[in-house]
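Trainee: Here's the letter readout for the chains.
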Amino acid sequence: MRSLAATFLHDPERYWELADFNGTTSAEPGKLLVIPLQPMNPLGIFRDGYQTVPILCYHRFGTRDGKMVVTPDAFAAQVEFLARNDYRVIRLPDLLKFLSGERPLPRRAVVLTFDDGYASVYQYAYPLLKQHGFPATVFLYTDFVGAKDALTWKQMEEMVASGLIDIQGHSKTHTNLSYRLPDEDDKHYRARLDTEVRVPRDLLKSRLHQPAYSFAYPYGDANTIVVERLARADYQLGVTVHPGANAFFSYPLTLRRSMIFGDDDIDAFKGKLQVFRQLDLQ
Amino acid sequence: MRDGRWREAALDWELLLLLRPDNKEYEENLAITRNSAHNAATALLASAVEARRQGDIDRAATLYLRALNVEPQNTTAAQALRQLEQERPRNNGLLQPPKANAPDKLRANTSDASPVATASTAERMELEPGIMLYNQGDFEGSIQMLQEYLQRAPQSEQARKTLGDAYLALGNKRLQEGRKEEALVNLEKARKLQGKRPNPELSRAIQSARKQLGDDYYQQGLRVQRTNLNEAVRLFQKALEYDPGNTQVTTRLQQTRKMQENLDSIQGGEDKR
Numbered sequence: 263m264r265s266l267a268a269t270f271l272h273d274p275e276r277y278w279e280l281a282d283f284n285g286t287t288s289a290e291p292g293k294l295l296v297i298p299l300q301p302m303n304p305l306g307i308f309r310d311g312y313q314t315v316p317i318l319c320y321h322r323f324g325t326r327d328g329k330m331v332v333t334p335d336a337f338a339a340q341v342e343f344l345a346r347n348d349y350r351v352i353r354l355p356d357l358l359k360f361l362s363g364e365r366p367l368p369r370r371a372v373v374l375t376f377d378d379g380y381a382s383v384y385q386y387a388y389p390l391l392k393q394h395g396f397p398a399t400v401f402l403y404t405d406f407v408g409a410k411d412a413l414t415w416k417q418m419e420e421m422v423a424s425g426l427i428d429i430q431g432h433s434k435t436h437t438n439l440s441y442r443l444p445d446e447d448d449k450h451y452r453a454r455l456d457t458e459v460r461v462p463r464d465l466l467k468s469r470l471h472q473p474a475y476s477f478a479y480p481y482g483d484a485n486t487i488v489v490e491r492l493a494r495a496d497y498q499l500g501v502t503v504h505p506g507a508n509a510f511f512s513y514p515l516t517l518r519r520s521m522i523f524g525d526d527d528i529d530a531f532k533g534k535l536q537v538f539r540q541l542d543l544q
Numbered sequence: 024m025r026d027g028r029w030r031e032a033a034l035d036w037e038l039l040l041l042l043r044p045d046n047k048e049y050e051e052n053l054a055i056t057r058n059s060a061h062n063a064a065t066a067l068l069a070s071a072v073e074a075r076r077q078g079d080i081d082r083a084a085t086l087y088l089r090a091l092n093v094e095p096q097n098t099t100a101a102q103a104l105r106q107l108e109q110e111r112p113r114n115n116g117l118l119q120p121p122k123a124n125a126p127d128k129l130r131a132n133t134s135d136a137s138p139v140a141t142a143s144t145a146e147r148m149e150l151e152p153g154i155m156l157y158n159q160g161d162f163e164g165s166i167q168m169l170q171e172y173l174q175r176a177p178q179s180e181q182a183r184k185t186l187g188d189a190y191l192a193l194g195n196k197r198l199q200e201g202r203k204e205e206a207l208v209n210l211e212k213a214r215k216l217q218g219k220r221p222n223p224e225l226s227r228a229i230q231s232a233r234k235q236l237g238d239d240y241y242q243q244g245l246r247v248q249r250t251n252l253n254e255a256v257r258l259f260q261k262a263l264e265y266d267p268g269n270t271q272v273t274t275r276l277q278q279t280r281k282m283q284e285n286l287d288s289i290q291g292g293e294d295k296r
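First to last, the protein sequences are chains A and B.
Numbering of the first sequence is given in our numbering, commencing with residue 263 and proceeding in unit increments.
Numbering of the second sequence is given in our numbering, commencing with residue 24 and proceeding in unit increments.
Derived from the structure by calculation, the hints contain no laboratory data.
By construction, the Cβ of each residue, glycine as well, lies at the ideal position given by its N, Cα and C atoms.
Accuracy of the hints is not assured; some may be wrong.
Selected chain B positions facing chain A (Cβ under 10 Å, derived; list incomplete) [said to hold, decoys possible]:
(1) P95
(2) E108
(3) E110
(4) V247
(5) R249
Calculated pairs, BS3-like style, for lysine-lysine (alpha carbon to alpha carbon, straight line, at most 27 Å) [what the hints assert, rightly or not]:
(6) A:K532 - B:K281
(7) B:K261 - B:K281
(8) B:K196 - A:K329
(9) A:K329 - A:K467
(10) B:K215 - B:K281
(11) B:K196 - B:K281
(12) B:K281 - B:K212
(13) A:K293 - B:K234
(14) A:K329 - B:K212
(15) A:K467 - A:K392
(16) B:K234 - B:K196
(17) A:K329 - A:K449
Simulated restraints, written as ranges between beta carbons of each label pair [stated by the list, open to error]:
(18) A:P444 - B:A66: 51 to 57 Å
(19) A:W415 - B:A145: 19 to 25 Å
(20) B:Q77 - A:R469: 17 to 23 Å
(21) B:E204 - A:D445: 55 to 61 Å
(22) B:Q170 - A:S362: 39 to 45 Å
(23) A:R460 - B:Q77: 40 to 46 Å
(24) B:Q109 - A:S424: 44 to 50 Å
(25) A:W415 - B:V72: 25 to 31 Å
(26) A:T269 - B:G160: 31 to 37 Å
(27) A:K467 - B:I55: 51 to 57 Å
(28) A:T269 - B:A66: 54 to 60 Å
(29) B:E110 - A:S288: 41 to 47 Å
(30) B:E110 - A:R494: 43 to 49 Å
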C-alpha cells in the first residue's frame with residue numbers, strides 16, 4: 263500500500279487512505295483496488311456521526327507521586343495501547359490541514375503533546391516515541407530553560423533532528439495570561455501578552471529553527487484578548503485544556519485537549535481517546 | 024439511492040463508470056444521483072439557516088452535518104459549522120474577558136532574566152494541578168488539590184482565588200443537577216473565600232438557591248400536612264432555615280402547630296376517658 267500511495271498520492275505515508283477506502287490493509291492480486299486521487303471525505307463525516315481528534319496533554323514523567331507525573335510504565339502501556347489498537351498518532355500540522363478541509367485524517371487519529379519542557383520527556387517519553395515512530399509536540403515555556411528539571415537546548419536539538427518532535431511555544435513566563443495584573447490597563451496588558459507570545463516564537467526560531475505555528479495557553483486558559491494577540495502574531499493553532507476532542511469545525515485557536523494524569527489507569531486513558539462522535543446524520 | 028444514501032450511490036456509479044466508461048446508463052445515474060444529493064443538501068442548508076435564525080444552534084449544526092454527509096464537498100455547510108463553533112466558546116464560557124487581579128506571586132516578569140521565573144517555578148509546579156483541573160472542569164479534583172496546597176502555602180492568593188472559583192463552578196453545576204443543598208454549601212464556601220470583594224452575582228446565586236430550597240421544603244410540608252402534622256412542622260421549620268423572611272411559610276407553620284396542639288389536646292382528652 264505504501265508504494266501505491268507513493269506512486270499515486272506522492273506520499274507513502276498516505277497509505278492509510280487506500281487502506282481505509284478499500285477496507286483492506288494490503289493489495290491482493292486479482293482483486294479490484296480503488297485509489298482515490300482526491301479525498302472523498304476530507305472532513306470525516308459519516309452517516310452515523312463524525313470524526314473527532316483527541317489531543318492528549320502530558321507534563322512530566324517520573325516515579326514520584328503527583329497528579330501531573332506519569333510513570334514511565336504507565337506511559338509505555340499507553341503508547342503500546344495506541345499501537346496495538348490501530349490508533350494513528352499524527353502531527354499538529356496534519357491536524358491543521360484537517361481543520362481547514364485540505365486533507366483527511368486516518369480514523370482514530372490522535373495527537374500527543376507535552377507541556378512546559380520537562381527533561382523527563384527526553385529521558386522517558388522520547389525513547390518510547392522513537393520506538394513506535396510516534397510524532398509529538400513539546401510546548402516549551404522559554405523561561406523554564408536552564409532550570410534543573412528543564413530540557414536543555416541540546417536535548418531539544420536532538421529531538422527536533424530526529425524528525426519526530428516539534429517544539430512550540432507555551433509563553434515566556436507561564437503566567438496565566440487570562441488575568442490582568444493589579445492596576446494593569448488595556449495597553450500594558452496587551453503589550454505583556456505580545457511579549458509572552460513573541461519571545462518563545464523568536465527564541466524557538468533562532469535556537470531550533472522551528473517555525474512557530476501553535477501555542478499552548480498556560481494553565482490551558484485563554485480569553486478573547488489572548489486569542490486575538492495570538493492571531494495577530496500569525497499563530498494558527500492554540501490549545502487549551504478544556505477536555506474533549508476536535509472535529510473539523512473546531513476553532514483552531516481554542517482546541518480542546520485532554521490531560522493525562524498520573525493516577526489515570528488504562529481505562530481512564532481509553533476514555534480520553536474520543537475519535538468519533540455518534541450522531542444520526544441520515 | 025432509495026434510502027437517501029446518495030453519497031454511497033454516487034460513488035458506486037462513479038466506480039462503475041470508471042470500469043465501463045461507455046455505459047450511458049451509468050453516466051445518467053451518476054448525474055441523477057449527484058443532482059439529488061445536491062438538492063437534498065440545499066434543502067438541509069435552508070433548514071439549518073432557519074434553525075440558526077431561531078437561535079437553535081445545536082439543530083443548525085446537526086443539519087449542516089447532515090448536508091455534509093450527503094455532499095462532503097459542500098463548502099457552505101463546512102464554513103457555516105466553523106462559524107458556529109467560533110461563536111460557541113464565547114457562549115460556553117471557554118473565552119471570557121480578562122480577569123482582574125492576578126496575585127503578586129505570579130506577576131509576569133517581562134525581562135529576560137530567569138531567576139524570578141525559577142523562583143516561581145516551584146510554586147507553579149505545586150499550584151498547576153489544581154488550576155489545570157479547574158480548567159478541565161474537574162472542580163472536585165481541583166478543590167482537593169488546592170485545599171492540600173493551601174495547607175502548605177496558606178498565603179497563596181492564586182490558590183485561594185482559584186479555590187473560590189472552583190467552589191462557585193461546582194455550586195453552579197450542582198444547581199443544574201438539581202442538588203440544591205450541595206450547591207448552596209459550595210456557593211457559600213465560594214463566598215467565604217471572596218473575603219472583602221464580594222461578587223454580587225454570587226450573592227444573588229446564594230439567595231436564589233436559599234429561596235428555592237425554602238420553597239422545596241415548603242411544598243413538601245404542604246403535601247404531608249394532611250397525614251402527618253409533626254413532619255409538616257419539621258419541613259416548614261426547615262423551609263424557614265433557608266428562607267427566614269418567608270411570611271407564607273411562617274403563617275403556615277403557626278397554623279400547623281396550632282392544629283397539632285388541638286389534635287394533641289383532643290387525643291389527651293380521649294385518653295383520660
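Trainee: Sort out which numbered hints this structure fails and list those numbers smallest first.
Mentor: 4, 5, 6, 9, 10, 11, 12, 13, 17, 20, 21, 24, 25, 26, 28, 30
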